[in-house]
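> Listed below are the residues making up each chain.
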Amino acid sequence: MSSPTTALITARDLTKKYGGHIALDRATFSVGTGRIVGLIGPNGAGKTSALRAILGLTSYEGHLRVLGREPFADRAAVMADASFIADVAVLPSWLRVDDAIDFVAGIHPRFRRDRANALLAQTQITGRRRMRELSKGMKTQVHLALTMAIDARLIVLDEPTLGLDILARRAFYDALVNDYMNESRTILITTHQVEEVENLLTDVIFIDRGRIVLDTSLDDIASRYAAVTVTEAQLGAARAFKPFYERRTLGRTVLYFERSEFEGPPFEQLDDFGEVLTPSVSDLFVAKLSGTSG
Amino acid sequence: MNHFVWLVKREFWENRAIWIVPAVIGGVLTLAALFGRVDIEYMPSPDHTRAIGGVVLFAFGFTFFAVMNLYSTWYLLDCLYADRKDRSILFWKSLPISDTWTVLAKLFTGLIAIPVVYFLAADVTTLLIAFIASVRAHPTVGDSLWQPDLWAQLQALWLYLIVTTAIWYLPFTAYLMVISAWARRAVVLWSLVPPLALCLLERWFFGTSRAGALLEHRAFGYLAAAFHRPVYADASTAVVSGARGFMTLDSVWRLLDPLEFVTRPATWIGVVVGSALILVAIQLRLRRTEI
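Order-wise, the sequence lines are chains A and B. To get the numbering used here, take the position in the first sequence, counting from 1, and add 26. To get the numbering used here, take the position in the second sequence, counting from 1, and add 96.
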């Protein structure tokens, strides 16, 4: 991970309880400037609670700084440098598209109207339409145009492409990386469609049952983890080196190893057992979560 | 300040009834004046037509005022609830506006902006009707409505009402906003439960009814606090005596009692209680994001 001095978000022992239910359990993580971080976890893992805390939408226990501020006490100041789309499109049904642009332009110091207009010009949406007259996908497009037109240092996207078809999704992520992202921007994104974002992420944070399971950069994944396709004959020998997860498919077995837990010959010698690959984010996610939960 | 203007504008976008309802009332009254019977066959003395003119102008103003109060109550109950219900609060909270400003903008809309819209609508309507009457009806009827001093008095009465009711009823206003920011459903029902429960519990456990008396004083003590005696001496003749009162320029001035209003402790106790409840509403807005 990046050094603490450039961290845009720092959480230490971040805890959120709802009555007796612990949604976030002493979560510690950080998000560095210029990174594209995927916050990944199964439903109910605490993703949304973490995002709500980061965005100043909920109170919490523990230490949390976003853009140098305490988000719950200072949400408005954080939002001057950040923008977010939470969950599905939640634009109010009575709002007209051009009123929405006027409003955000009037309120947000970093909003670029020309950019919003350019983004909307690529769609079928006209300015006088109210949100209730738009399809779900169109609403999302308006919301994305409003959010992407903000020159934010931090952009938080919670399932941003929910309700969009595959073409619109691809176009969104292409725009995110090519037009929006630069070294001064930071993106925190949650989605349950890991495959869709894994090619653009620089970092991943895995969360499960309120705890951070993994917080690493994609570069580190290559040096820390290995997925080895092992033949039946070699299985016993390979198992001795303590893989943290096994997956059987079509008569082959893939063993997942982590360097810190690895016991035996140098990590690189694993190719004696079979083909060694760096696990994809989604595979590692499955391996990590299945492995730790037994 | 610029933000505040946008926030109030947003309230007008969301709650189009703020201007549609008074426009409809004005439209209906104007249509009635256009096509209804505006003439009267019996021509009383000029003094009487003056009095009738006063009653008519007052009645128009009162119609708007009564509807406005109903609407404002609904607006205040809905204003911090609607965007939690449809989850659009997540969009509003993604913008750099503090919850304090949001709540204050809604308070301003309910207390000042809505009354001013109704006030203007009442003025435009009465002007239109006076004009129509002077064209369609007997000159005396028309003249009865063209009374600069009556107009001046109505303006003064409206502005005085807007300011004094905003101050006097601040505890109720703020209470409605607290319910609006707190309730997960059925805001109207929830707004009634706490005062009723308070009164009933007090009666059961202490056999007294001080809470009820307090609420009653706040609800009905306004006229006594802000006006001189003639208006409230006898409710059944209030309109009639009010009409007589409007006959001369100094009469409305004699009804208004700003000195009594600002020197009553109850006025300022209300302001303190109301302000405290506004702070509660802001805290709830901060914490209650979704239903």
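Don't read these hints as lab results, they were simulated from the structure. As the structure is a prediction and not an experimental result, all values here were calculated from the model. The C-beta atom is built at its ideal place from N, Cα and C for all residues, glycine as well. Do not take every clue at face value.
[Claimed, not checked] If we take Cβ atoms under 7 Å as the criterion, some of the chain A residues that face chain B in the derived model are: (1) Pro118; (2) Gly132; (3) Ile133; (4) Val302.
> State for each hint whether it applies.
Here is how each hint holds up against the structure:
Hint on proline 118 of chain A holds. Least Cβ distance to chain B is approximately 4 Å, under the 7 Å limit. Of the supplied interface hints, the one on glycine 132 of chain A holds, with its beta-carbon coming within about 4 Å of a beta-carbon of chain B, less than 7 Å. Interface hint status for isoleucine 133 of chain A: upheld, as the beta-carbon distance to the closest one in chain B is roughly 5 Å, under 7 Å. A hinted interface residue such as valine 302 of chain A counts as satisfied when its beta carbon comes closer than 7 Å to some beta carbon of chain B; here the least separation is about 44 Å, so the hint is violated.
The structure fails to meet hint 4 from the earlier list, while all remaining hints are met.
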